[in-house]
Amino acid sequence: MAGNPAMTQEWLDAWKRKISESKEYKEIAKNWEGSVSIIVNADPAKGIPETIYLFTDYWHGDVLDFLICDKAKAESARFVMSGDYVRWKQVARKEVDATKALMQGKIKLKGDLTYVVRNIKTVNKVIDLLCEIETLWPDEA
Amino acid sequence: MAKGYAGRFLRVDLTDGRCSDFTVEETLLRKFIGGSALGAWLYLKGFPLEADPFAPESPLMIMTGPMVGSGFPGTSRFAVCARSPLTGIWGESACGGTFGPELKKAGYDGIVITGRSEAPVVLSILDGRASLINAADLWGTDTYETTDRLKERDRAVKVLAIGQAGENLVRFAAIGNDKGHFVGRTGLGAVMGAKRLKAISVRGDGKADKADEVRFREIQKEAFLELKESALAGSLHAMGSDANMDIGMINGDVPVRNWSVGEDFELSTALSGPTLSETYLTHAHACTHCPIACKRVVRVPDGPFRTEEGPGPEYETCATFGTMIMNRDLAGVIKANELCNRYGMDTISCGAAIAWAMEMTEKGLLTREAAGGLDLDWGNMETVLTLLNRIALREGFGDQLAEGSLRAAERIGREAVDAVVHVKGLELPMHDPRGFHGMGLAYMMSNRGACHLQHAVLATEQGMASWPQLFPMKDDYRGTTSEGKAELVFHSENYGILGNSLSLCHYLTDCLKPETIRDAFNAITGFDFTFADLMTCGARDWTLKRGVNNILGVRAGDDALPKRILTPLAEGAGAGSVPDVERLKHEYYALRGLDERGFPRAEKLGELGLDELRARLYP
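These protein sequences, in sequence, are chains A and B.
In terms of the numbering used here, the first sequence is residues 1 to 141.
In terms of the numbering used here, the second sequence is residues 1 to 619.
FYI, nobody ran anything at the bench for these hints, they're computed from the structure.
Check before you lean on any hint, since a few could be wrong.
Simulated DEER-style distance windows between Cβ atoms [as the list claims (entries may be wrong)]: (1) K46(A) - L49(B): 18 to 28 Å; (2) E308(B) - I68(A): 23 to 33 Å; (3) W378(B) - E95(A): 55 to 65 Å.
Now the stretches of chain B that chain A is said to cover, found in silico as 3 or more residues with beta-carbon under 8 Å [as the list claims (entries may be wrong)]: (4) 223–236; (5) 242–252.
Just so you have them, the derived chain B footprint on chain A, three or more residues with Cβ under 8 Å [said to hold, decoys possible]: (6) 90–99; (7) 126–132.
Ideal placement from N, C-alpha and C gives every residue a C-beta, glycine not left out.
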């Protein structure tokens, strides 16, 4: 089956490409400033032997670094989101709305919540574009 | 005697000025817990239900619960109950602030007030001693001034006061607690006004014992940790309830232009929680025992809507005096909120009535002359402020709106009535059922008319909370479907309504694990309630109030959504979608055990231990 292995550099590159190509994103995100890291907690039973750290960076509608990184780099982001693999998978498959997962504590956020709410359309668009990527999930391989 | 309770209630007859105490058996406390559930029971057992809400014999009840004043987060609440002068059915409204805990400290679990005083009075309760004080000098003053003047006499008292709207029997009059917290819905301030009870002041130094203080402290600590971790609590602290404005507009929750437009992002951005924080917020304020501090304190330093520092608008008010009337000036919302607070008026019913009047003006059904010379154009805040004065003082067209939207519309005719967005006479809160079908059913079935706080549907359907340990829940509910919503509403009512009997803030119910709330309740009372016990109490509470409403004339046909809500929107997340009312109602009636008339079936009443109600409904 074609697709990008989840939570790999290849997957991040595909996501970055999607966002970069979106004119709608560029318009919606013109006020967004700052990086967002995604921490995927280890879950060996699901094919995630170690915690994965992803770093994504955005500036006024442009997309900057999208990297697999270490813990220190991830924690340096303006917004740090962490959660279990199954939760991220639900979000990336549009099975659970990211805002709801956040409110229910299934995904944690460190950072200015007011800024996120102010820019919720940007956040939703980035996640919508993530959901469009063909993804290979390690527990389904 | 169960722990957590003060152990006695105060009975006041304003006609003869007599104050006396009474007690409630523990078996009843185990069945109804407290708050509005116990209030409904006392009402059913002790009073003529059909009496006019303004009649002396119709009671006004102010109730707390066993957790109130315990120090557990969110337990500052109290409920005020009476037959509603706005809807004619069961009326209740809960409030946070300072009054509930102070009443417990003064030695009472609740107050039941009947009669009508010859002259205006203040009920003073000082450490278990109640007396009536002439309040002729306070009559005609607003809630802020009344509160200030009572506190000048005794700085430590906590005050419940009505303003001019309550005195003038405005049918959506509110009651203010210490200038920052309001008993808003169903017009209970007017019941207080009819009794010529201007205010209640209370002070006490007592404390209700807990069954297991050590265990309680452990759970209390756990609750504070949960709140620290909760994104919802963080959101409420940072932005107040108006955090909903931005997200709600995207999700199809926020009504625009008297429920006729599906989205307007310029409006929501101008009126949102982040905007309020960046412009007029001076600081956050908390009810007693609450670490969240969702209340906004605001100041508008200059301009036409200059407002001294004081309580700021919540989300509902930003919608009624913002998106609903096409006003994008947050300072105008703050001023309208202040006027409603001072006069003592429910900002939801009041703002909704004004939105309706603006639509009537646009459609030519309400002329400028009929509106007392006012230009009721969309977004005209200067006119709105003038109209607020006239409503509270019952002057000119304001006198008609003071009767509530539905009565005002009935004077005009069918088309005007169709534009009133209400259930059972109570204007809808600012959450659109076309975006969330479960909320539509919850509005239809709420026992005080359209309500977002007699249940936890807002939290469960919109995904702010998930309690699979209480009842089967999906990970995510799509708003614009009616499938599976009857079951969600049924369970969310049984759990959410407990907030009103436990006297626990709904936000805390949403943020905390149900286990934490249950364990705190048990540690305080010494009861050993399971989740099933609590959910049964919730079902009993709902069914009791439903039976009271049946006696007051509610039938299946009243469980309906207004025409506007059954008209699809052209834009927004709820576009093209309306709740499937027949399906929702059919499935819900089966779950709730209601017959084709909308009465609880006799066997359901027996199952819930409501034999006295069964005897009344099935004589």
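Results for each hint:
no. : hint                         : verdict
1   : K46(A) - L49(B): 18 to 28 Å  : 59 Å, violated
2   : E308(B) - I68(A): 23 to 33 Å : 54 Å, violated
3   : W378(B) - E95(A): 55 to 65 Å : 40 Å, violated
4   : 223–236                      : holds (count 6)
5   : 242–252                      : holds (count 4)
6   : 90–99                        : holds (count 5)
7   : 126–132                      : violated (count 0)
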